[in-house]
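A.B. asks: Sequence:
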Amino acid sequence: MPKGKRKGIRRGTSSRPSSDDEMDTPDNQSVISSISDDGYFQPIAEEGTNYDGDSGEVDESANQQNFEDGIRECIDGLCEKSQQTRINSLTLLSKTLSMKYIYDFLMNIKFTVVEYLTRCLKKGKGDEQALAAQCISHLCIQLGEDSENIFEDLRETFLYMLNDQSTPVKTRQKNFLKPCLREACTFILMEIKRND
1 MPKGKRKGIR RGTSSRPSSD DEMDTPDNQS VISSISDDGY FQPIAEEGTN
51 YDGDSGEVDE SANQQNFEDG IRECIDGLCE KSQQTRINSL TLLSKTLSMK
101 YIYDFLMNIK FTVVEYLTRC LKKGKGDEQA LAAQCISHLC IQLGEDSENI
151 FEDLRETFLY MLNDQSTPVK TRQKNFLKPC LREACTFILM EIKRND
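Read the sequence shown against the working numbering and you will find it ends at 196, with the numbers running on by one and no gaps.
Derived by calculation from the structure, the hints in this document are not laboratory data.
Keep in mind that the hints are not guaranteed to be accurate.
To be verified - Derived CB-CB ranges, DEER-like: (1) ASP59 / LYS95: 15 to 25 Å; (2) LEU162 / ASP59: 39 to 49 Å; (3) GLN165 / ILE102: 15 to 25 Å.
What the hints assert, rightly or not - Lysine to aspartate or glutamate pairs mimicking DMTMM-like chemistry, simulated, CA-CA at most 20 Å apart: (4) LYS110 / GLU152; (5) LYS100 / GLU145; (6) LYS100 / ASP146; (7) LYS110 / ASP164; (8) LYS100 / ASP69; (9) LYS125 / ASP164.
Small disclaimer: the values here were computed from a predicted structure and weren't measured.
Quick reminder that beta carbons are idealized off the backbone N, C-alpha and C, glycines included.
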């Protein structure tokens with residue numbers, strides 16, 4: 001009798017039962033990000049309207065809370081596995097930092113933001129590195145003289161990336177890393193001269 005053709009024995013029809021450990025692993029779960037959704041993050045409500053579109057008084061504390069929650073989601077998006085999610089988060093964070101002055105909020109989460117941006121700058125590729133450099137320059141401008149330590153920590157990384165031929169050209173080219181480094185240097189020097 002050929003193998004696998006024995007009477008009464010069915011092979012391959014039953015599957016092994018899954019254990020609870022397999023169901024809980026993050027590798028088996030799907031991650032969906034709402035950061036890439038353009039209409040999701042509304043940092044500033046239009047004057048005279050709330051987020052529902054009704055006219056009336058805008059609740060400033062609710063507006064500020066929604067804004068801060070959106071920024072926190074952007075920052076959390078910097079830790080995602082997907083490179084596209086990180087790029088979307090960096091783009092949104094860059095727009096937000098260039099749009100509104102949020103010094104007090106950033107001082108509370110400064111170390112977290114710097115750590116995540118540094119990780120994107122060092123381990124990212126191409127667009128991710130360029131956007132991380134842009135976010136770092138916006139962060140330095142937001143924090144003013146409190147950003148001196150950030151710049152000192154990242155100065156060698158910036159200079160290494162500018163001189164390293166293995167760094168993608170798009171990251172090193174004039175539209176990304178060089179202006180970010182120039183802005184950060186200029187702003188830090190202005191702060192130092194102002195304090196003297």
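A.B. asks: List in ascending order the numbers of the hints, as given earlier, that are violated by the structure.
C.D. replies: Violated hints: 3 and 7; rest satisfied.
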